[in-house]
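K.L.:
Protein chains in written order, with numbering that gives the first Met the number 0: chain A, 0 to 196; chain B, 0 to 464.
Calculated directly from the structure, the hints in this document are not laboratory data.
Be careful, since some hints might not be right.
[Said to hold, decoys possible] In silico DSS-like links for lysine-lysine, alpha-carbon gap of 30 Å or less: (1) A:K173 with B:K27; (2) A:K176 with A:K132; (3) B:K27 with A:K95; (4) A:K114 with B:K384; (5) A:K132 with A:K114; (6) B:K51 with A:K185; (7) B:K105 with B:K190; (8) A:K114 with B:K268; (9) B:K31 with A:K138; (10) B:K51 with A:K173; (11) B:K268 with B:K190; (12) B:K190 with A:K138; (13) B:K268 with B:K27; (14) B:K31 with A:K95; (15) B:K105 with A:K160; (16) B:K51 with A:K176; (17) B:K31 with B:K51; (18) A:K185 with A:K95; (19) A:K132 with B:K27; (20) B:K105 with A:K176; (21) A:K160 with B:K190; (22) B:K31 with B:K268; (23) B:K31 with A:K173; (24) A:K176 with A:K160; (25) A:K185 with B:K27; (26) A:K160 with A:K138; (27) B:K97 with B:K27; (28) A:K185 with B:K31; (29) B:K97 with B:K384.
[Unchecked claim] Residues of chain A placed beyond 10 Å of chain B at every Cβ, according to the derived structure: (30) F71; (31) T81; (32) P135.
Where a beta carbon is used, it is the ideal one built from N, C-alpha and C, also for glycine.
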Amino acid sequence: MARPVQQFRQILPEGGTRPPVGGGGGSKPATPSGPPRGAVSLSTITSTGGLLGSLGVLLVPFFLNSINRNVFAIYDITNFNTEEDCVYNFKMEDVKPGYDIDVHLVYLQYRDIGKVSINVAISTMQFNRNTGKSTPQMKQRNITIGGNNDNVIYSYFVDMKVTGERPQLVITRKANKGSLCLITAKLVGNIESGGQL
Amino acid sequence: MAGQDTGYFELIYEPPWKGIDVSLPENKIDRKYTPFATNWMPRAGELRSRPKLGQFIPGLPDNSEVLGHSSFSDANNVVHTVAISQTGLWQLNSNWRKYPGSEWSKVENFATPNSFPGTPASIQVFLNQVYFVIGDTNLYSWDGLTLNSAGGYVIVGLVTSGNFVVGETVTQATTGATAPVKVAANLGANKLQVGTITGTPDNSHSWTGGTSGAIFKPTAAPTVNVAPLQSIALYDTTNILYAGGFFLGELNAQLIMLYTIEQQNLTGKPTTIFPQRIRWSASGLPNVWDPTVNTSAGFNDEIDVPDVITGFLTIGRNGFVFRTNGITEMTSISTGVLPFDFNHLWASDRGIGNVYPYSIAGYGPVGFFISSDDIYELSLGGFKKIGGPARNLIFTDLAASISIPIASAFPAFTIGFPYLTYKIAIPMAGGITKNWCYFVEDDSWFPWIVNSGLETSRCRIAPTL
Numbered sequence: 000m001a002r003p004v005q006q007f008r009q010i011l012p013e014g015g016t017r018p019p020v021g022g023g024g025g026s027k028p029a030t031p032s033g034p035p036r037g038a039v040s041l042s043t044i045t046s047t048g049g050l051l052g053s054l055g056v057l058l059v060p061f062f063l064n065s066i067n068r069n070v071f072a073i074y075d076i077t078n079f080n081t082e083e084d085c086v087y088n089f090k091m092e093d094v095k096p097g098y099d100i101d102v103h104l105v106y107l108q109y110r111d112i113g114k115v116s117i118n119v120a121i122s123t124m125q126f127n128r129n130t131g132k133s134t135p136q137m138k139q140r141n142i143t144i145g146g147n148n149d150n151v152i153y154s155y156f157v158d159m160k161v162t163g164e165r166p167q168l169v170i171t172r173k174a175n176k177g178s179l180c181l182i183t184a185k186l187v188g189n190i191e192s193g194g195q196l
Numbered sequence: 000m001a002g003q004d005t006g007y008f009e010l011i012y013e014p015p016w017k018g019i020d021v022s023l024p025e026n027k028i029d030r031k032y033t034p035f036a037t038n039w040m041p042r043a044g045e046l047r048s049r050p051k052l053g054q055f056i057p058g059l060p061d062n063s064e065v066l067g068h069s070s071f072s073d074a075n076n077v078v079h080t081v082a083i084s085q086t087g088l089w090q091l092n093s094n095w096r097k098y099p100g101s102e103w104s105k106v107e108n109f110a111t112p113n114s115f116p117g118t119p120a121s122i123q124v125f126l127n128q129v130y131f132v133i134g135d136t137n138l139y140s141w142d143g144l145t146l147n148s149a150g151g152y153v154i155v156g157l158v159t160s161g162n163f164v165v166g167e168t169v170t171q172a173t174t175g176a177t178a179p180v181k182v183a184a185n186l187g188a189n190k191l192q193v194g195t196i197t198g199t200p201d202n203s204h205s206w207t208g209g210t211s212g213a214i215f216k217p218t219a220a221p222t223v224n225v226a227p228l229q230s231i232a233l234y235d236t237t238n239i240l241y242a243g244g245f246f247l248g249e250l251n252a253q254l255i256m257l258y259t260i261e262q263q264n265l266t267g268k269p270t271t272i273f274p275q276r277i278r279w280s281a282s283g284l285p286n287v288w289d290p291t292v293n294t295s296a297g298f299n300d301e302i303d304v305p306d307v308i309t310g311f312l313t314i315g316r317n318g319f320v321f322r323t324n325g326i327t328e329m330t331s332i333s334t335g336v337l338p339f340d341f342n343h344l345w346a347s348d349r350g351i352g353n354v355y356p357y358s359i360a361g362y363g364p365v366g367f368f369i370s371s372d373d374i375y376e377l378s379l380g381g382f383k384k385i386g387g388p389a390r391n392l393i394f395t396d397l398a399a400s401i402s403i404p405i406a407s408a409f410p411a412f413t414i415g416f417p418y419l420t421y422k423i424a425i426p427m428a429g430g431i432t433k434n435w436c437y438f439v440e441d442d443s444w445f446p447w448i449v450n451s452g453l454e455t456s457r458c459r460i461a462p463t464l
């Protein structure tokens, strides 16, 4: 592919030749705009624009679909109210394989970083020995926790009874429903005394 | 499992939160892992909803796609935050918050459109300047100053006798000003391009070549040569041939350009792509690329291996040239004619290499890349597999990517929130980005879903004030 030699026109960057802003170290005096006339003065070269150099943040070049524009985004570490859904599936528990499990309590420990609405769900599989089929079961509760925003660790109990094999706890926080900081979760229950399925 | 009464149990889930595990069925994994999760951060033993992603700075005035950004301190110790787009180079204005709509100032447009639009820029800061390549025949540089004297000066006039050669010193009669010749000029040429001028020249007395004896009669005083944005990799000063490339790095005070794109000494100066070529500047002289001008500049073609270059990373004193199916260690051995030694760690067509060109990222003593079989961390101690129990799901998502996955490694999200992270941004169908985040201190993988758009280049920490 033919390519011409690059020819660059001399274009002064926008912002002209004003001195740098703030305490940026440019100690040389400003020069007038435009190319110098006659002999070149080689000792007065100032910076073009510039910053103080503080407040470094992680910039994310991003194309935003909603406005069809390229922007610079950041992950705001002062705001954990995520703009997307947050879903966490805990391990599916084989408490005692082949036995029906009763879960009757969910215990949560969280740090209060703001009010947040979450869905607490427990799913199991109910096996019918007669038909040989398993049916998924789920119980869920919507709760709102936090609100003091004091960074203190609090507890919350969710009474919820569900029976079946392989209980699994799922916590869902819908988009923009608050900042969640979970420290511990616990399922409490009993193995059914009825014996092997 | 605690039993207080018959059949009573408690199942406790607590830190450390180790992230995704799809290596086993969901009822057989360890309790510290999760078979499915989206948008969590496990820092300091707390499972937090991830930080909110939002616009911080509006984009460029022409809405061009950002191919990369960086920051550097110029020779006056002034900090510049710059962005490279498909159209040119921009810098962030210091009062951007106060003047909406004027956040970014143009440094300069590229003279010709990029032949590989959308290719992420490869950026290197070196000696108070920013250098970058964007996949064309240019290695660009900007020094942040008002006038970029790295391009030298142009003296308009006429060569009245002889032919000037590159590198010789020209002296002006009466004023005694001197300068080195940057570009050869033959009898009849109407301009003389020189480097830094010593002394105070005028616009009337003749310049004489110290080696060639050629004479140049000026009609004007010297003026700064070209615009702020310089294309500097002139690898053939005699025939005025430029080179660019896809990857850029620095080792042993020399700029390293890989997978080069070079003009050829033919009519029309056609371009040739060299996917196995590594070219380097002279030591300490990033503007000198011609070995006939300085013998420490040069190049090497990796033709003894069957694959192509997919990236470059430096750790300590060593450079690692990544290929599709192997890695070549590039070690600095001198500042002379042969400055580097090349040692293939894997030379076969079935070795550990980097298969995604922009998955290579590094911070300090660690680097990361994606091979065919796993994701690796590279350090002074060697290679370590880090895909772990999340590997299978990560590779499933990589295979579903609709465009180039782009990886970033950063030590913090902002000053005061350190959390070393390797993040792979995978563009998915529907205009969404699935980020796979490897949190190094927790050795855990968590996916972050962003439905609102696509990342266009690497994430970097940059000053904004």
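K.L.:
All hints are to be evaluated individually against the structure, with a verdict given for each.
P.N.:
Cross-check of the supplied hints:
no.: 1; hint: A:K173 with B:K27; in the structure: 28 Å, holds
no.: 2; hint: A:K176 with A:K132; in the structure: 38 Å, violated
no.: 3; hint: B:K27 with A:K95; in the structure: 13 Å, holds
no.: 4; hint: A:K114 with B:K384; in the structure: 40 Å, violated
no.: 5; hint: A:K132 with A:K114; in the structure: 42 Å, violated
no.: 6; hint: B:K51 with A:K185; in the structure: 27 Å, holds
no.: 7; hint: B:K105 with B:K190; in the structure: 29 Å, holds
no.: 8; hint: A:K114 with B:K268; in the structure: 65 Å, violated
no.: 9; hint: B:K31 with A:K138; in the structure: 23 Å, holds
no.: 10; hint: B:K51 with A:K173; in the structure: 13 Å, holds
no.: 11; hint: B:K268 with B:K190; in the structure: 21 Å, holds
no.: 12; hint: B:K190 with A:K138; in the structure: 84 Å, violated
no.: 13; hint: B:K268 with B:K27; in the structure: 63 Å, violated
no.: 14; hint: B:K31 with A:K95; in the structure: 19 Å, holds
no.: 15; hint: B:K105 with A:K160; in the structure: 63 Å, violated
no.: 16; hint: B:K51 with A:K176; in the structure: 12 Å, holds
no.: 17; hint: B:K31 with B:K51; in the structure: 25 Å, holds
no.: 18; hint: A:K185 with A:K95; in the structure: 17 Å, holds
no.: 19; hint: A:K132 with B:K27; in the structure: 22 Å, holds
no.: 20; hint: B:K105 with A:K176; in the structure: 40 Å, violated
no.: 21; hint: A:K160 with B:K190; in the structure: 89 Å, violated
no.: 22; hint: B:K31 with B:K268; in the structure: 61 Å, violated
no.: 23; hint: B:K31 with A:K173; in the structure: 23 Å, holds
no.: 24; hint: A:K176 with A:K160; in the structure: 26 Å, holds
no.: 25; hint: A:K185 with B:K27; in the structure: 18 Å, holds
no.: 26; hint: A:K160 with A:K138; in the structure: 7 Å, holds
no.: 27; hint: B:K97 with B:K27; in the structure: 56 Å, violated
no.: 28; hint: A:K185 with B:K31; in the structure: 13 Å, holds
no.: 29; hint: B:K97 with B:K384; in the structure: 47 Å, violated
no.: 30; hint: F71; in the structure: 4 Å, violated
no.: 31; hint: T81; in the structure: 4 Å, violated
no.: 32; hint: P135; in the structure: 14 Å, holds
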